[in-house]
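In case you want the letters, here they are:
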Amino acid sequence: MMTGTENKQPKIMILATLSGGYAGADSVGQLHEDYPSNTYILPVMCPCMFPEEFYLRAFERGIDGIIIMYSGTDSPYKGGAERTAELVNSTYKMMKERGIDTRRLRLTAICTVCTKPFLKEVNQMDELLDEIGFVKEEIAVPA
Amino acid sequence: MDMPPRFLPMKKWSLLMPEKHDLPEEEIAQDSPSEGEIRVGVYTCHCGGNISDVVNCPAVADVLSKVDNVIVSRTDMSMCSDAGQSLIEKDIKEKGVNRVVIGACAPSLHEQTFRGTIARAGLNPYYYYHVGIREQDSWVHHDDTQSASDKAYRLMTAGIAKARLLKPLETIRLDAEQHALVIGGGVAGLRSAYDIARRGIRVTLVEKSPFLGGRMSQLEHLFPTGETARDTLHDLIKKVINHPNITIFTGAEVSSVKGYVGDFKVQITQQSRGVSDDIAEAAMAACTTEVPDEYNYGLTKRKVIYQKYPGCYPPSPAVDWENYNDEALKINGQSIVLENNPKTFDLKIGAIVVATGFNPYEPRPGEYGYGELPEVVTLPQFIRMLALNGDAKKLDWNGKPVRDIALIHCVGSRQVDGVHEPQPDGEVNNYCSRVCCTATLQVENEIKERFPDINLYDVYEDIRTYGRGHEEYYTDASKNMVIFFRFHEEEVPQVIAAPKGDTHPALVRFTDHLTYGTELEIAVDLVVLAVGMMPRDIDYLIQMLKVSRGTDRFLLEVHPKLRPVETAVTGIVLAGTAQGPMNIQESVSAAGAAAAKVAGLLGKGHVELDPFVAQVDMEKCDGTGACVEVCSYEDAIALQTFTVDGSQVQRAVVSPANCVGCGCCVSACPNRAIDVQGWELEQYEAMVDVFAMDLPGLVEVS
Amino acid sequence: MDKLKYDALVVGGGIAGMQASLDLADQGYTVALVEKEPSIGGKMIALSKVFPTLDCCSCITTPKMSAVAHHENIRLFTYCEVQAVVENQDGYAVRVLKKPRYVNENTCTGCRLCEYACPIDLPSAFDMNMGAIRTVRVPFSTAVPQIAVLDMDNCILCGKCEAVCPVEDCIDFNQVPEEFEIDTQSIVLATGYETTPIDAKAEYGAGELHNVIDGLMMERLLAPTGPYGRIIRPGDGKEPESIAYVQCAGSRDETLGVEYCSRVCCMYAIKQAMLISGSLPLADVTIYYMDMRAFGKGYEQFYQNAKAMGVEFVKGKVARITEDEDQNPVVRVELIEDGARVVERTYDLIVLSVGMLPGDNPEPIYRVPIAGDGFVSVLSPNSSPTETNRPGIFVTGTAGGPMDIVDSIVTAGDAAIETAAYIEAHKNGHAAQVPADEEMEFTHA
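Protein chains in written order, with the numbering used here: chain G, 9 to 151; chain V, 55 to 756; chain Z, 844 to 1288.
Quick caveat, the hints were computed from the structure, so don't treat them as lab data. Check before you lean on any hint, since a few could be wrong.
Claimed, not checked - Example chain V residues on the side facing chain G (calculated, C-beta under 7 Å, incomplete):
| # | residue |
| --- | --- |
| 1 | Gln190 |
| 2 | Phe538 |
| 3 | Gly717 |
| 4 | Val720 |
| 5 | Phe745 |
Unchecked claim - Cβ-Cβ distance ranges computed for the label pairs, FRET-style:
| # | chain 1 | residue 1 | chain 2 | residue 2 | range |
| --- | --- | --- | --- | --- | --- |
| 6 | Z | Asn931 | V | Thr323 | 51 to 57 Å |
| 7 | V | Met747 | Z | Glu1084 | 43 to 49 Å |
| 8 | V | Lys120 | Z | Glu1168 | 37 to 43 Å |
| 9 | V | Lys447 | Z | Asn931 | 53 to 59 Å |
| 10 | Z | Lys1081 | V | Asp122 | 47 to 53 Å |
| 11 | V | Val473 | Z | Arg1073 | 38 to 44 Å |
| 12 | Z | Gly1121 | V | Val473 | 27 to 33 Å |
| 13 | V | His196 | Z | Thr1165 | 37 to 43 Å |
| 14 | Z | Glu1084 | V | Gly150 | 18 to 24 Å |
| 15 | V | Glu736 | G | Arg111 | 56 to 62 Å |
Owing to the predicted nature of the structure, the values given are computational and were not obtained by experimental measurement. Every residue gets a Cβ at the ideal spot worked out from N, C-alpha and C, and that includes glycine.
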């Protein structure tokens, strides 16, 4: 019985680092700011862990937008930020090949008190997805 | 700063449980997922209304009870309370729950609490996943209880998906170095060092300037007792320098920090003092280069070879290397140019106390006439001025007698966006600096005592004499005929030069709300700005220690109520005004609390860390070495040779000692043969699937 | 008589006492925590939400209560009161009275069947006499320990509780007070505070006005576990549409002999006003104040948020409160910022922001003096803010003067390190400096 309102909305997944984006999301909560509820946050230690296939698989399953909120230069892991950027770049290439709008994957640095940037990113992605629609409708034949 | 290297587990987790909960041996053995049935207990917390006001917790719990593998689904007003925790313990012991999912406030608050609950009940504490449905759900989706409830259901179902794939892990126990580092030699740093030393733990105290004492040495009398600041300070300094457990480095700064709680590797760089005791006095006398004396906030000058103040510690003069321009000094018939030979020291440290203090707010040129009118000074400057005035029966400023003084509160504090100019970082100082009201009133009473003929005009927003023994300063000032005026925060008082020939050099204009909104102008000889506090510029330290700043730019504690002196980095604590405006009594208390935390951390001789390190699946690894190539940590992972079925093969081997668990290796491996324990790719994929799927039976909220 | 030996005795199981116990226990010291009520938690457990984060009080307090209950180095003695303290060679010999619960502590499971069966309803002190409580009960839902207690003064000995209790011999009407001795090296006083009685000020109605309550009562109305589940005024149960706060109702007041500032009332009034705006979105809240003291970290921003939410702040000390024929309270106040008019304004409900008064006087038992303000005297606040004049006896939390929760937790940490340092220094025996006339004899129970 589908009574929920969620199915009608595109889904945004946020991979948020414990030392950066996840703490930033908690700060936004402490300020009781409002943002769209079709957002699902996963805590990660460092996004350098996820290979390109992880993102593509997520899109194929129906996650319409992914924001990686990493710690950027504040990362406590040597080489983690650079490796994440490399992986995201090569994911973009694969997304293009699959016919997925590359704007669906976004990498951004969010710190523990970056509440305004957090809200901006979430709202921007939400607006983008309203514009370009569900990813499943966009994907060509999966590779 | 690196993340902690991990060692192989030294003790079974069960031995970390409190002794009084002895369990029979057979209960300590664990189910592994491949053997026993997965029995999930899922708990949705109301959080005293903070969650349940928006999320329909009973409805969510009801739908969750129907998810595969869930054998019990409960809600409670407060899962972290003893009663709530008992529910979980009981379910583990009596119902055989062997995976726990809790939906509650942010994990940073109670994840450790619940790990303890689960361990007490006899289950591996890593068979538990915490879902945040407060800061990231109920607190941010206020108006839409339907979506908030649906989201909670989805988030927790994803948590259950991960819980099915959790493996038992062992906490890692590491030896802790019985040595604390205190950064900052002001009252908070000194007190913290002394408290830690008294506990039998070695302390190294590092102070950037050549002298101890910080800003307390620049005060004259302390509230609420009226005691002499420097006497109290010197008592403390004596205790510190005489304590055998404390080593002090002045003229020294932290130059690098590596490692983690229990085993920080800290490098200190110490400047030379510059002059040996035998020639110090002569060098000071011979030196001609002068700079504004920061001890007197620029009211006087000092030489670049100097003592901070009479009676300072260490007493020997020091060279101010930043301003010493290789002046050749004529000493004993010779011409000497002094040289700085910085030395570095490497220390092994168990815990770090940050006590770097504050700077008084420096008004911008023109702000209340500061820097433009010579009659405008800050309160710290005024306190020095009074001290320099000595026992004189009159108070003069710029050669003229002072008859009327205006004191303006909230300069650089309680600033309003759009009304006050922001700081260089674009933010205004919207916080209250806490100490200035009492400090200002104390000085007013002192002036009335020493110079009864001077008229005082106190221009304030609110009088915040909140502390024990502070209200008396306000009532006394009133009795002493200080005249009070009240302005509103958006109506900033103006200070302008009086026209030439006027009786007084300066005019203060404001709208006074104690006289019902009258616009007033006072002619004064002196304007004292009660400036607030700003944190010191310690960006380099913040980078090194990986601690955070709050929006007020002071260092941030983990939780202002639960954990007021701890930072998010285990092993680094805060003491004093580095954390926020506070007076000396409060700084001393905070220093004690910080010392108590350090003693708790190091006192046991070891620290315990979560075991989130990489692990290789030997069956899937075929020795490509991609992991080794991509790893940035020395000796964390290497290829080793093994014999399999008679042939030599290469396989990757992780050294938990040196692995930080970043996971760069995970994405590099072409065979998905490596994972970070507790944060596995498969677990993530299971959660992504739940996010993406159409969930049956979504919560219906009436 | 049982003899028990601990490194430190903490008197008082509120937030300061609990934190001091934890900070000592984490360092490896053994702690006896003595609490006179049947549960630890102090005043904080009864509050709604804390400022400025608006975390629920339970969420802050109950994990500490749980940690204290489970810490291997802490032993809880609830429903116990210290009777006498004698200094000796080894430290302090403390005589403690264990009050009878009339329930067997070791076998009670906290099931509450006795509570449900009891026929007597009493005004609940925990709910500030607004709700009811049974003669036999578990003190409140998150009590630690979760064990029942029976109020013999109000018990009619009907035996219904005993009849339904599933545990044999758990209810025991024959229990008597017991005395025992605790030997300790050091003592930490964390005995907390009281609030200004609501009838203290004649000008504010002397407690007789129907719809004038105090800050603690409003906390219970706002708390999720409160007596009514919503905010209603006690006179007639009406949901108030206009609420006024009277600040400094009991502090900064020479006529009451309380000249000090109670430090927390401005912030708790702002907090309550914000919570009321959430519960009763249509209600108007006005706060009449002398000075708004929002001095701590995040406090000023909290104050500004309240203003932005529509809470009205009016400068003016309320001179008098009366009530009209419909029991609506009326304030008489001079509006400082509005032409100095004296006005009378009617509200549905008035909350007196009562101040903090000293708790138990430690002088008779501990020989620790109090200062002019009635709180425990601290010798050198700028050198050792938790040290008293008696060696080995320290003070923390509101026993040492009004303070909020953050400062209570910080002073508790300071008291812990002072106590630890003292214990270390006296490890090899306590120097006996007991003058003859201070010795006390006590008899065995």
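Point to revise | Broken hints, by number | key: 2, 8, 14, 15
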